[in-house]
Amino acid sequence: MLSIKNLRASVEGKEILKGINLEVKAGEVHAIMGPNGSGKSTLANILAGKADYEILEGEVTFLGQDLLELSPEVRSRSGIFLSFQYPVEIPGVPMVNFLKASVNEHRKFKGLAPLTAGEFLKLLRAKKEMLHLDTELTNRSVNEGFSGGEKKKNEIFQMAMLEPKLAILDETDSGLDIDALRIVAEGVNALKTPENATILVTHYQRLLDYIVPDFVHVLYKGKIVLSGGKELALELEEKGYDWIKNGNE
Amino acid sequence: MEDQDKLLNDITTQEYQYGFVTDIDTDVIPKGLSEDVVRLISFKKKEPEFMLEFRLKAYREWLKMKTPDWAHLKIPPIDFQETIYYAAPRTSPKYQSLDEVDPELIETFKKLGIPIEEQKHLAGVAVDVVMDSVSVTTTFKKVLAEKGIIFCSFSDALQEHPELIKKYLGMAVPTTDNFFAALNSAVFSDGSFCFIPKGVRCPMELSTYFRINTAGTGQFERTLIIAEDDSYVSYLEGCTAPKRDENQLHAAVVEIIAMDRAEVKYSTVQNWYPGDKNGLGGIYNFVTKRGICRGVSSKISWTQVETGSAITWKYPSCVLIGDNSVGEFNSVALTNHHQQADTGTKMIHIGKNTKSTIVSKGISAGKSDNSYRGLVKVMPGAINSRNFSQCDSLLLGSTCGAHTFPYIEVGNKSSIVEHEATTSKIGEDQIFYCNQRGISTEDAIGMIVNGYAREVLNKLPMEFAVEAQKLLQISLEGSVG
Ligand SMILES: Nc1ncnc2c1ncn2[C@@H]1O[C@H](COP(=O)(O)OP(=O)(O)O)[C@@H](O)[C@H]1O
Ligand SMILES: [Mg+2]
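For the record, the sequence lines run as chains A and B.
Note that the first sequence covers residues 1 to 249 in the working numbering.
Note that the second sequence covers residues 1 to 481 in the working numbering.
Please keep in mind that the hints were generated in silico from the structure rather than gathered at the bench.
In this text the structure is predicted, and so the values were computed from the model without any measurement.
All the pointers check out, no bait thrown in.
Every beta carbon over 10 Å from chain B, so not counted as near; a handful from chain A, in silico:
1) Val24
2) Gly37
3) Glu54
4) Gln65
5) Leu131
6) Glu150
7) Tyr204
8) Asn246
Straight-line C-alpha distance at most 25 Å; calculated DSS-like pairs for lysine-lysine:
9) A:Lys50 - B:Lys425
10) B:Lys413 - B:Lys355
11) A:Lys50 - A:Lys14
12) A:Lys223 - A:Lys14
13) B:Lys46 - B:Lys31
14) A:Lys151 - B:Lys425
Even for Gly, the Cβ is constructed at its ideal location relative to N, Cα and C.
Input sequences plus hints: build the corresponding full structure.
Here it is as structure tokens:
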């Protein structure tokens, strides 16, 4: 589904990603771990098409297409979803309007007619139930005045509405209390199918108690320095990131 | 919600979609201004003597006045002798039904997306359509008449209710008020008149669509709204004008009088031709709008969405004379390309316990310049009065300007005046967030701007709010990337 080959990227002249290789197949869950500042968010943002970065080398294919050629909105419509580490507030724009525009753009891309107001509300209700979400969030403006936990739940809710092929969750677990964490994890698990894939970016092992990854990668100073199965996360938890740092200085 | 979606999909690439000219027979008098022209206008309109006196007095005063130069605007010199001061559609007799109306005109309304016949049935809106200067058709008159409400063209009102006009005209905006008000008073062609009698709540929104149509015709509308004790009316003014390369002068005057416990809501969506991308052409819009809360506990609110005109000079104001009276000003002013706007309000507190609220949302894009100018004046006798002002500016890009000029004068110690102002830029992060959900940059900007203006848009009647949202989005086309 996703293939990253020797990806190097810089921001403001500073090289952040120094040759990333990653293969993600349908049905898989990959965890990307690593200390702060390793480049995890940079990788997630580049996959989603954020403009701030310069690609120095490498290629990324997504479902057979050159991903780096596509505009961010086309990437989204093609099935890439990014749950932001810091979701931004858009004052005055009701969440329902935003979501409806979003869902209908995705439908248009697939050649489907836009949902009527009735159909949309039905879908909204179904997804809310599925995630055990309180109804109030969708009536407010996009992320405006949301607590950290509410913002993250809202990201997962949007993911549920859009049913992406590849979901990239950037630190969706950080700042969540145990209940919120469970809601988020249940949501991610419920949305898992053999056809889609998930990349979990996190620096805690905690989330991986709830969402069991097929692969764990350790990103450090812009490179994947270790890859393994789910046991790797536990090992990291036990030995701490110093273990990686010491081996890679 | 569905509307919003429709709007978002509705964006097309044209610069100004209402740019066309209707080919209707017009009766035009030669260009230029003199006492004779003033007399001729009054004569053609078969006006009562007092009206001619009013006009001549204004004209003589106007001759002594100068164009105001205090606004943050670059106004090219205007040659008042190059303007045509009167044009009326020649299709003179009034119609009982739309079938009798010039099909060209009906076609015009269709292009504008204003099917009057549908509006009559669906929206319950009485429409007094002003085509150039003379009313062509007035609807719903009968329904209104049953309640004793008068809603008609200014010319008709002069024939049928001269005593009301004589009593109230110039009460809120005297002929000497300012250069453009004096000019309007001398040469106004037509406009609307509205009278709500004691205790009557007007059952529908009263709506007027203005259109400037004849090449080189200055448009001088005059509107007078009177709300007697315990009455209520919501009045809508909407405007679109055909595309022209020469500049067109517009100087309207709107006066509102509210008596004891009366409430008047006045909403405007102004979308006149703003000129092209290079700043060529466009309407010069110099408007004087003022409401007087004469009665106790009366209320006047101005809500405006200004997206059009090359130059906007406009300060809808409230004079709060009655104790406990309330004034409101809610404004969204959007400028793009080379547009210039200097707009705001004046709240004059005279009565005790008077209250005013100002919410101004400026949006600037392109090379435009957008200023808020507001005066809050609390007289010594206006004890326990309050004002709250919120003036926000949103910038799109770095070549546009936003300015805020608040003037505050408080004449007593028991009154409280608060002023808040913010300036922000549209965030790349907000746009990327929308992009990541599949929404294009252009739609994202439309959405963010509409969100920013929502507080004001929410004050508009429903059918107007939809049009306003669409306008904000269309007006920002070409401002991205
Ligand atoms: N827009 C940016 N401008 C400047 N530096 C950036 C920007 N984005 C990321 N960086 C830098 O890149 C490095 C990696 O950041 P990031 O990808 O956020 O790490 P992580 O998500 O692993 O904590 C950090 O040193 C950070 O300061
Ligand atoms: Mg990060």
